[in-house]
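K.L.:
Protein sequences, first through last, are from chains D and Y.
The opening position of the first sequence corresponds to residue 1 in the working numbering, with each subsequent residue numbered one higher.
The opening position of the second sequence corresponds to residue 115 in the working numbering, with each subsequent residue numbered one higher.
Note that these hints are calculated values from the structure, not bench results.
Each hint should be verified, as a subset may be incorrect.
[Claimed, not checked] Derived coverage of chain Y by chain D (criterion: at least 3 residues anywhere in the stretch with Cβ under 8 Å from a Cβ of chain D; other residues may be distant):
#	stretch
1	128 to 140
2	214 to 226
[Claimed, not checked] The list that follows gives simulated cross-link-like pairs (lysine to any residue, SDA-like), each with its CA atoms no further than 20 Å apart:
#	chain 1	residue 1	chain 2	residue 2
3	D	K11	Y	G157
4	Y	K228	Y	K163
5	D	K11	Y	K228
6	Y	K163	D	K11
Remember, it's a predicted structure, so these values are computed and weren't measured experimentally.
Quick reminder that beta carbons are idealized off the backbone N, C-alpha and C, glycines included.
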Amino acid sequence: DAGITQSPRHKVTETGTPVTLRCHQTENHRYMYWYRQDPGHGLRLIHYSYGVKDTDKGEVSDGYSVSRSKTEDFLLTLESATSSQTSVYFCATGPGLAATGELFFGEGSRLTVL
Amino acid sequence: AQSVTQLGSHVSVSEGALVLLRCNYSSSVPPYLFWYVQYPNQGLQLLLKYTSAATLVKGINGFEAEFKKSETSFHLTKPSAHMSDAAEYFCAVSDREAAGNKLTFGGGTRVLVKP
C-alpha cells in the first residue's frame, strides 16, 4: 500500500471558519488528488496536483483551494466552511500517465460543519 | 466527459449466492476501468483493473469483471458471497489520454450479505 496519511481524521467546525486538511505521502507519487464522498454521489474530484506548485480544478472545486509546496504534502483549504461541505474527504495519489491509472487512497477525513 | 453509472445503490445477497454489481461507462477513448471496495470507516482498496489486456479480469477475494466494449460495461461478479464481502463497491473510469490521470467514480453500490 502507498503510505498516505490524512490529518485530522475527524473535525467538527462551525460555519464560516477556515479549515485545512493535510495529506502526506511517502511513495514519491507525482499526482495527488482530493475527493469528497457523499451518499449517492460516489467520489467527486475537488482538485488535483500534477507536481509541486502545479494544481488544477476538479468538478466540485468551488469553495476549496489547494497547495502543494513539497512532493509529499497536499493541503486542502476551506476558506469559510459551509454546511454543504460536510463530507468525508479522501486524498489519493498516483504515479502518473506512465502507469495504468490506479490511484491509492488515504483513510479519509470526516468533516462536520455545524 | 467521462461518466460511470452503477445500477442499484443497494444490493442484498444471501451467503453463498452470486454477487453481480453492474457498471456502465461512457468514454470517448478506450478507458482504464477499475473496481474499488470500501469497508466501513476505511479508504478505498483496489479490487481489480482493466487496462486493455485480457477482457476478463480477475481480482482479489474471488472477484472478477468482464470488459464488454459493445455494451460499454464492466460488471463485477463473485460466484459465492461471503459475509466479509459486505461493503460498498465503486466502479471508476480513467481516460488514459487525458491530462491528470483522474478517476471518475460511479455512485457506489452497498452490498449486504444475509446469513
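K.L.:
Of all the hints given earlier, name the ones this structure violates by number, lowest first.
P.N.:
1, 4, 5, 6
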